[in-house]
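Fit chain B to the known structure of chain A by using the hints.
Number of protein chains: 2
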Amino acid sequence: MMKPNTNYQKIPANYLFSTINQKVEQYKTQHPNSDLISLGIGDVTQPIVPAVIDALHKAVDEQASSETFQGYGPEGGYDFLRQSVAQHDFQDRGLAIDASEIFISDGAKSDIANLQELFEVNNKIAIGDPVYPVYIDSNALAGRLGDWNDQIGQWSDLTYLSSNEANQFIPKLPKQAVDVIYLCYPNNPTGMTLSKTELQTWVDYALENNSLILFDAAYEAYIQEANIPHSIYECEGATKCAIEVRSFSKKAGFTGLRLGYTVVPQDLTFQGQYLNKLWARRQTTKFNGAPYIIQRAGWACYQEPGNTQINEHIAYYTENARIIRAGLEEVGATVYGGINAPYIWLKVPNNLTSWEFFDTLLEATQVVGTPGSGFGPSGEGYFRLTAFNSRERTIQAVERIQAFFTQA
Amino acid sequence: MMKPNTNYQKIPANYLFSTINQKVEQYKTQHPNSDLISLGIGDVTQPIVPAVIDALHKAVDEQASSETFQGYGPEGGYDFLRQSVAQHDFQDRGLAIDASEIFISDGAKSDIANLQELFEVNNKIAIGDPVYPVYIDSNALAGRLGDWNDQIGQWSDLTYLSSNEANQFIPKLPKQAVDVIYLCYPNNPTGMTLSKTELQTWVDYALENNSLILFDAAYEAYIQEANIPHSIYECEGATKCAIEVRSFSKKAGFTGLRLGYTVVPQDLTFQGQYLNKLWARRQTTKFNGAPYIIQRAGWACYQEPGNTQINEHIAYYTENARIIRAGLEEVGATVYGGINAPYIWLKVPNNLTSWEFFDTLLEATQVVGTPGSGFGPSGEGYFRLTAFNSRERTIQAVERIQAFFTQA
Chain A
1 MMKPNTNYQK
11 IPANYLFSTI
21 NQKVEQYKTQ
31 HPNSDLISLG
41 IGDVTQPIVP
51 AVIDALHKAV
61 DEQASSETFQ
71 GYGPEGGYDF
81 LRQSVAQHDF
91 QDRGLAIDAS
101 EIFISDGAKS
111 DIANLQELFE
121 VNNKIAIGDP
131 VYPVYIDSNA
141 LAGRLGDWND
151 QIGQWSDLTY
161 LSSNEANQFI
171 PKLPKQAVDV
181 IYLCYPNNPT
191 GMTLSKTELQ
201 TWVDYALENN
211 SLILFDAAYE
221 AYIQEANIPH
231 SIYECEGATK
241 CAIEVRSFSK
251 KAGFTGLRLG
261 YTVVPQDLTF
271 QGQYLNKLWA
281 RRQTTKFNGA
291 PYIIQRAGWA
301 CYQEPGNTQI
311 NEHIAYYTEN
321 ARIIRAGLEE
331 VGATVYGGIN
341 APYIWLKVPN
351 NLTSWEFFDT
361 LLEATQVVGT
371 PGSGFGPSGE
381 GYFRLTAFNS
391 RERTIQAVER
401 IQAFFTQA
Chain B
1 MMKPNTNYQK
11 IPANYLFSTI
21 NQKVEQYKTQ
31 HPNSDLISLG
41 IGDVTQPIVP
51 AVIDALHKAV
61 DEQASSETFQ
71 GYGPEGGYDF
81 LRQSVAQHDF
91 QDRGLAIDAS
101 EIFISDGAKS
111 DIANLQELFE
121 VNNKIAIGDP
131 VYPVYIDSNA
141 LAGRLGDWND
151 QIGQWSDLTY
161 LSSNEANQFI
171 PKLPKQAVDV
181 IYLCYPNNPT
191 GMTLSKTELQ
201 TWVDYALENN
211 SLILFDAAYE
221 AYIQEANIPH
231 SIYECEGATK
241 CAIEVRSFSK
251 KAGFTGLRLG
261 YTVVPQDLTF
271 QGQYLNKLWA
281 RRQTTKFNGA
291 PYIIQRAGWA
301 CYQEPGNTQI
311 NEHIAYYTEN
321 ARIIRAGLEE
331 VGATVYGGIN
341 APYIWLKVPN
351 NLTSWEFFDT
361 LLEATQVVGT
371 PGSGFGPSGE
381 GYFRLTAFNS
391 RERTIQAVER
401 IQAFFTQA
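Residue numbers (UniProt numbering), protein chains in the order written: chain A, 1 to 408; chain B, 1 to 408.
Treat the hints as calculated values from the structure; they're not laboratory data. For clarity, every value in this text was computed on a predicted model and none was experimentally measured. Heads up, some of the hints might be wrong.
For identical chains, the list gives no copy identity; a pair is met inside one copy or between any two copies.
Unchecked claim - Here are the simulated DSS-like pairs of lysine-lysine, each with C-alpha atoms no more than 27 Å apart in a straight line:
(1) K277 <-> K23
(2) K172 <-> K124
(3) K3 <-> K172
(4) K3 <-> K175
(5) K347 <-> K196
(6) K10 <-> K124
(7) K277 <-> K3
Next comes chain A alone, as it looks inside the complex (with noise of 0.2 Å):
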């Protein structure tokens, strides 16, 4: 008899962004003629910038001649898009990444969820809290979290690293040690950063204890201030101790074209397996590559004009983001986040929990916004505002905002 995978059965059903979307369809239904702007979502609104859209037409009619036609490719990514990666993500900013440690895949979420497949089940895992819901769930799934508990909202095998108010949003150090470590910085959801001496003392600890962290840089390219690192190997002896993933999402708005890529460095060993070999048979045993057609996407981004016309993307963005935490400070809101993030962490005010937020501001100024307590226990009381939106929507979002902190 076949038995399914218990484990599935563990998992609470996370229906943060579909109980969103039942509240606004309610909503609209009881108020027809409402104007909702949603500054929840996560996915971007500008289109894909056009030296990009060109790679991909030129692409597209090489897949239209024998001559040029591509088929099967490289498991681990075309070189011509491994080269630039590491040139110009790591090289250039004077990182010894080579393209041999570069692989590129349809996205950071599938890499994020499938790395844990390295590790074996028994491996203590720690993660930053609040988080990205995939660190948590593929782990769980491969039956490494212990079990739910319903009534605190964790797992009895999981260590948080808890980001709030109270420590600055600089999760403190493990007291039992940890064999491996989720990270992401610029951080999802709270838009915070660590400085590189912050980042360092958690690259130190790997080393002492042999762990590994998994770095998620997904939004390395909104960073804006001078000693934020854009990449964990910035750090001494981060390539004896970290893996690092990259996402073209937020970057040059691939969300839906599907591009990112992990660097596994060949230095990375544990118990004497090195985790680029493994990671190299992982992938190409079960997985068979990003489209041509996507990479050449990709590469694009590195040259010129593509490289120019993401960054005003980018700063099409930034100033987004900027516009909301302005104009939440203007009226003496609490803020974090959004100068080096597409994410304004606000913290909630009168006490209210962050679902109770989201009720009162969609009822009174018809915004939508996540709930930060869909992130994890550390995310209660707090609220997530995306800067992804249209520059005149997130303004209108804004002043609809401030008169209802002004009324309230």
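Frame of chain A, contents of chain B only:
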């Protein structure tokens, strides 16, 4: 201390295609003016058909404008494609498969490799032999197959369903009950098929034993004969025991575009768990959908003139297969497959091993094929030729092999 997944160390390095490449490169160095023809690789050579190219260009243009830009899509695929698949591949053939049972992905390889995540580690697995290596490797990496015995080239806890001349390439039902059965028809590498009655035997076995069948129908489009099932759901009761995987790679030349799908019927339950819900959970947690533009390309395969154009490609490769098969039979070789599949399975003459024949054929004819032993123990003594080269080169290769057989 991080403990790597020890199952990676158990897996024998599969050097099949790299060994072939090395031998070919060595031959070229020694014979710089030789004119090699490959009937070895399983990749297509014909470019993408015009209607699909048009659909790709149109979808790329949609990504260039705010009004039509597509960001994150549904993880299981866009409705336009799920509906087209359900209708054309199933409902039009009288099979009651609904769009909610279709999960679009980046290819059959990923799906075939990932589906085992839905089973507990202690399920007993049976796999056709010879076989596409991904079925075995993905289960071995999950620790489900026991230990590798290098002397006999087999896993200790895997049931090999042998297909060979002795059983007319119809594997026998397992003597001891198994929980999950991987079947691939039309078969890679043998090119052989099961009749509907023969496949029904497996469905009946699965229903009786509460087993799950994973049915790989990647080569369905090549079926020419009337009595061969295009889908396992043509068999009675199959929606209660079978998952089916399909690919656009060989049907429409999408090896470089990456698109496939998996059918998980709503009826499919084991120990009270609905596999459709489990797979939906797996895909939403770990995958972010195939690219919008690639899904539009897939959709164009079901419309006119796309459908007619891809059928012309299939007819082209099918004629190549016929030429290879007829040409080899003409000189007295024993051949299988090549009628309902793009693969010809040649019985190696003179009791040579598969590798000895590879070397002999390369030396004598400069034609490259794939040693059958690379696909598993039952492949020893066979040799795979593929129909994916151009007509001209296929004919040249056959003439050379004919001369070799005539002289030998």
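Status of the hints after comparison with the structure:
In this homomeric assembly, K277 and K23 come within 27 Å of each other (Cα to Cα) only across copies, at 23 Å, whereas the closest approach inside a single copy is 47 Å. For a Cα distance limit of 27 Å, the shortest separation of K172 from K124 inside one copy, 17 Å, qualifies, whereas the shortest one across copies, 44 Å, does not. Taking CA atoms no more than 27 Å apart as the test, K3 paired with K172 passes between copies only; the shortest distance there is 23 Å, against 40 Å inside one copy. For the identical chains of this complex, K3 and K175 are inter-copy neighbours only, at 20 Å across copies versus 38 Å inside a copy, given an alpha-carbon limit of 27 Å.
In this homomeric assembly, K347 and K196 come within 27 Å of each other (Cα to Cα) only inside a single copy, at 26 Å, whereas the closest approach across copies is 63 Å. For the homomeric pair K10 and K124, the shortest alpha-carbon distances inside one copy (18 Å) and between copies (23 Å) are both at most 27 Å. Only between protomers do K277 and K3 lie at most 27 Å apart by alpha-carbon distance; the minimum there is 15 Å, versus 31 Å within a single protomer.
In summary, the structure agrees with every hint in the numbered list given earlier.
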